[in-house]
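Q: Those protein sequence lines, which keep their order, are chains Z and F.
Using my numbering, the first residue of the first sequence is number 258, and each one after it goes up by one.
Using my numbering, the first residue of the second sequence is number 62, and each one after it goes up by one.
Hints listed in this document are in silico derivations from the structure and should not be mistaken for laboratory results.
Be a bit skeptical, because a hint or two may be false.
Stated by the list, open to error - Derived Cβ-Cβ restraints for the label pairs, each shown as a range:
1. Gln437(F) <-> Ala299(Z): 56 to 66 Å
2. Arg602(F) <-> Ala299(Z): 27 to 37 Å
3. Ile397(F) <-> Tyr309(Z): 54 to 64 Å
4. Ser628(Z) <-> Ala494(F): 37 to 47 Å
5. Met556(Z) <-> Ser669(F): 28 to 38 Å
C-beta: ideal position from N, C-alpha, C; glycine also.
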Amino acid sequence: MNNRRKNAQLLICIAAVLVIHSCDNFLDEKPDYKLAVPSTLADLQAILDNTYYTSESGAYEGEASSDDYYLTDADWASLYYTTDRNMYTWDTNIPFSDKLQSGWSLGYQSIFTCNLVLENIQEIVKTSGNEALHENVLGQAYYYRGNAYLDLVGIWCKAYDSMTAEKELGLPLRMKSDFNVVSVRNSLQDTYDQIIHDLEHAIRFLPTHVESAWFPSKAAAYGLLARTFLYMGNYEKAYLFSDSSLMYRNTLMDYSSLSTASNFPINRDNPENIAIRCPEYLIMLDPSYARINPDLIEMYREGDLRKSVLFRKNVDESYRFVGSYANHTPFNGISVNEMYLIRAESAVRIGLLFQAIEDMDTLLKTRFDSSGYMKFEPSSEEEMLSFILNERRKELLMRGIRWMDIKRLNVLNHQTSLVRNIEAVS
Amino acid sequence: MMKWFTLLLFAWIFKIGDLQGQQRIVAKLVDAVNGRPIHGAVISSESGLVRSGTDGIFEVVGNTDTLNIVIEHDGYGKSNHFLYRQIDSIQVVTLRNSNLLEEVLVSSGLQRIPRERSTGSFSFVGQHTLEEQVSFDILSKLPAVANSVMTDRATAGSSSLIVRGLSTIRGSKQPLVILDNFPYEGDLENINPNSIESVTILKDAAATSIWGARAGNGVIVLTSKKPSNVGRLSGTFTASNTFGSRPNLRYIPQMSSSDYIEVEEFLFRQGYYNSRINNNARPPLTPIVEMLLSYSEGGLTGEEYLARQSRLRTIDVRNSFEREIYQASFSQQYFIDLFAGGQKFNWLMSGGFDFSTDELANKSNRISLRAINTIQPISKVSLQSEMAYNSRHSIDGKPGYGDITLGAYELYPYAEFSDELGRPLTIAQRREAYIDTVGGGRLLDWHYYPLDDYRFRNQSMTLQDFTVNTGLTINLLRELNLTVSYQHKQQHTVDDLHYGINSYFARDLINLYSQLDRQTGDIIHRVPLGDIKDVKTTTLRANNFRSQFDLQKSWGSNTLALIVGGESRDLRTSGQSHRIYGLNSHNYSFGHVDYSTLNPEFIRGTLSRIPNNDDLNYRTSRFLSFFANGSYTLWDKFIISGSARRDASNLFGLKTNDKWSPFWSTGASWELSKEPFYPKGTFNYTRLRLSYGINGNINPGMSALGTIRYRNSFHYIGNRPTAWHDNYPNPDLRWETSRIINFGVDFGVLKNRIIGSMEFYFKRSFDLFGYMPNDITNGIGQEVLRNASSIKGKGLSIEITSTNIERPGVSWQTNFNISFNRDITEAHYLSTTLGRDFISTSRPSPTTIIGHPVYSIYSYQWVGLSSEAGDPIGILEGEPSANYTQILNNTELETMLLHGAALPTAYGSIGNRFKWRDFQLDIRISYKAGYYFRRYSINYTHLFSRGTGHSDFEHRWLASGDETSTYVPSMVYPNNSSRDAFFTGIPELVERGDHIRLRYVTLHYQFSNFKIFFNANNLGIIWRANTLGIDPDYHGLAVMPPIKTFSVGARVNF
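Generate coordinates for the entire structure from the input sequences, incorporating the hints supplied.
A: Following this line, the structure appears as structure tokens:
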């Protein structure tokens, strides 16, 4: 009897040992300190601060297809990806699959990131303590999503025409991070509506002051919205939003203070940058390949500082572009000079000629040496418009803007056609 | 401690007589099954060593009434026995052949049971078979000898073992490794193979379900040597030296220097190099291109160019690698173990020292020490404790083929590493003419000398591993035991990478961040002058705690065996790494750098930060598990068994974890030969087994939630942390599960002259993860890991061991293993996909076609090369076409040619053991069959862009008519990457993988307790289906088959 009770006691002790195994908080330990289920504003900001997903993910295929630059036959033939060569000659056989990434994939990666942030931020309660950061994160996500859609629509969809936009195919608009949701192409109208929606939300939530142009601000969102409305041909709004952007930021660089010798004369923290955005690397746009179109070079008059600041001569007397607003990497962000040009163009188109003349004067004064500068006094609105469009080419080259300009201006019967000459290579 | 045989003592007693006060005991050794005398066994006792005669008789002398002896025999293993001094009788000692399946003790890691008591499927590899191979690690021995184990070199980036076909299609197919009774968490190379007594491979659900959520890939249980009740001090000592041949560099399909130079001259004429020359980052050019450039600029005359060019044409860099870099490898292994003790207290201690230098002068050594003891302080309690210490140290040697590059480009085949006088030559990393002059003599030498550089770059790894194991077993009731066991393990690793100031890496980084004032000549080093040292330390700590009740109760011929238990596991890995700049290795002073400032790089002036290698990691994985396993044996011939386990863990997405159904299995067996109706005759033993169960695979990297990983770099502005996406949110995520039915027959024929087992299995695996092509607009790249498909597998494995000849002094035994395995896709969760996603040479994607092998090799339909231009002609919309982009973008997988599986559908090994007197010869071949692989060929895109050549270049189409004799397309310029992508997928580049490999030949010679052995390993392929001399397990652009090794060694038992 006694023996049996002793055994029973022992069994109870042992059962206790088994129970120790199952204490609850044992399993609450985080599996990896570097991992997080994004649940705080700091987590969300850390994803947005990965510039690879946001401000360094711009699409650049538009620039590759446009006429700011040309390739020598030998350099064109030396491109080893069919995608790159065919992009240059507008060949419809673009495999894309021979390259790991493209502006198309980077754009959607950025959209995915923003969707993830927008989904997760809904779980975070806004309090008086976190309000500023909460709104800032929200604003950034809307800003980057809108920017990505604008990049993609400008390259891979037809130019906006309000008459046909309801029927024209636009982009697949993805609003969820879940990859099980199948993508469907929306109309061009829906696409632009979405971009406007995103950027309006960005304007609402973004701060007015930011530490650096690496972070989007209200001025940047206004600027991007102005660019959107310019693409859409809505000049009242383009005027309005470029004007709003210029209210916050309007400092121009004096080009006479920039180096004409250094490899890359313009720094990323220059005062004209409102929002830095660097597109993907495309080999044909590397300064060692891309030669600037001689017609464009000839457009720079005597006394125009831009010719010596923005370009360097190659051994073969051709010019390479070194004036990126992002130093050694290309730039397609928002900057003060673009805002002046949008406001001036919109102003002419809505009948505010004097404003356009003043804006161009303000801008160009900083681009010429003092002896060579003369204020432009047009005899007609048409003359002013064509002057602005020429300056736009000279000022905003190699930013991917030219491609969209050709498309939107051709809708307005500008009839720009592009020609590529490639001699058969033996 | 149980061995693999039982001892039966018959009381047939005969007295021989007294001799000078000592007792002479005569005994006879016989086989327990067939009753034949056993010849040649070594019997050791306190009086010395004797051997049994042809009649099995041996004689020992002792002073006491009972005599402790150890019997050792190759076929029957090693065992302890007691002989009793009896009058007028000969004791008969019966042994059972350790190769007989019925007495094998298989280990599930939680218990060791005779194979006849189990209903599951096990493969067993005993010590003698393991000792036939000499190797540094234990797992590499298994594919050659174990049933149903194969090395997968087809589907993953690195090779891994596969047990019985696929249960998962994600990267890791590595089975769970259990050392003794806990999952092994450290580096598997820490395990000294000499300390392993046997290996059990658990194959079906009945065997693996006890390990639950990690057992889906199969389980390999390593059982280490344990102390036995041997009495007096005994032990073994083993020493071996291994010599390696030099690698065969001729195997590499390198393009000839002549061809390579011709391509460079052609490209130069086309202006291909213009942009590279024009690039102000100054990327390197090959010597030929530099010479052509100099010639075109008037620096070099035509004659000078031709003279140099014709010399370079004759150079093959493989000669330089053979002469100046590769060397013969050499390794030594020493191992000793000592053991002693009796019932109350016994112990074992072992120590191993291994040293090796491989063909690239990578050096490593390993010390392994182990002490284990068992104490039985009172009759119902036994306490086992074990301590093990391992240390490994390795030092990196020279760069091998493929490691030396021309900057970002591959090395040209006419590269030279030294001049006629043996002085090291440079391989350009940037334009040499530029770096020679740019610093005006103020910079450090900016050249790279591949022959010398490794002397200034010391990379070493030091690992220390400490394990404590304790186990307490209490006999609670007569039939009930409680075992509480605890294991603590720590593994500490230090990776040290020291770049001396003379190494290219350090000089390059210092120069790159130098700022030179050209007026004054002042130079500022943003990266301080001195050595650069990277140190990374990693600590792994594991705690395992388990309590387990064992119940074993018998009623007559019925037995109930039950285990119930729970365990917790806690595994933590912490790591940190840092870099020291400007180190003076003589006094350990060092410099400071500013990581946050952007500095202009010397060559282009672009702004960047000095590389920061600081990092900190901490990972924890925890599991809680409960398990139960029981079997009931009825009338000694029927067994039914069941097993269940449930795990919980601390992984993210606990909601998903909660959905795990418990893993379970059930099985039954029937020993047919015990039935009265079973005919007596040729088939003396038959047992049928059937099992069914569910096991699974958890994937610690997967979660239904989106997760981010913080990275150790920060934003351009401020010290703002940044994060990557780590896991993409997937609300549809489900865990992988497999259901397996196993049917087995164990048999013995001709009084067990032939024994074996045959098993069929059917497996269905659901919701397997796979990398699947992904719609780019999902925003997460071109492929994503997701529940991709369900697969259906079936297979047959047969293992037969036959004793072909067994006569006194002569025997011949054959061990035959074959496994057939077929995994096909049963369902997939994607719409139709493009064929181009399934043409990868390195990693095939799992197919999306139902009924095809999971990993299938496909190719494009094509009609051959065009006679006009040597273009490969494919099929587009039913018509011959050379529009490669459209072919790639429109060819659906369904329309492609299916060759077959990428994984062998049949594999196995055949071992023969011949014995003649004291000699034993083991020869083993292994084979794989029924599969295909895609081989590499010339890819002009890679040739032009990266400088990667292939010897197929010489077979390329050159002129009309060549299309009848070659399938290698012409070289076209401008290059067409889609054309290359199409060519990669043509049927001619698919080869049958079938081959037979001679794994090893081992010769042993035994005299008394001393054994000498010679072993030759990795002897290469003796037959292959492809006619090109390609080894299907080792093919690639810079891959060579493993070197042949030759070992000589000795083993002493005392």
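Q: Taking the hints in turn, state whether each one holds.
A: Hints, verified against the model:
In this structure the supplied range 56 to 66 Å holds for Gln437(F) paired with Ala299(Z), their Cβ-Cβ distance being about 58 Å. Distance hint check for Arg602(F) and Ala299(Z): the Cβ-Cβ separation is about 29 Å, which falls inside the suggested range of 27 to 37 Å. For the pair Ile397(F) and Tyr309(Z), the supplied restraint of 54 to 64 Å holds, since their beta-carbon distance comes to about 56 Å. Taking the beta carbon of each, Ser628(Z) and Ala494(F) are about 42 Å apart, inside 37 to 47 Å as hinted.
Checking the proposed 28 to 38 Å range against Met556(Z) and Ser669(F) shows it holds: the Cβ atoms sit about 34 Å from each other.
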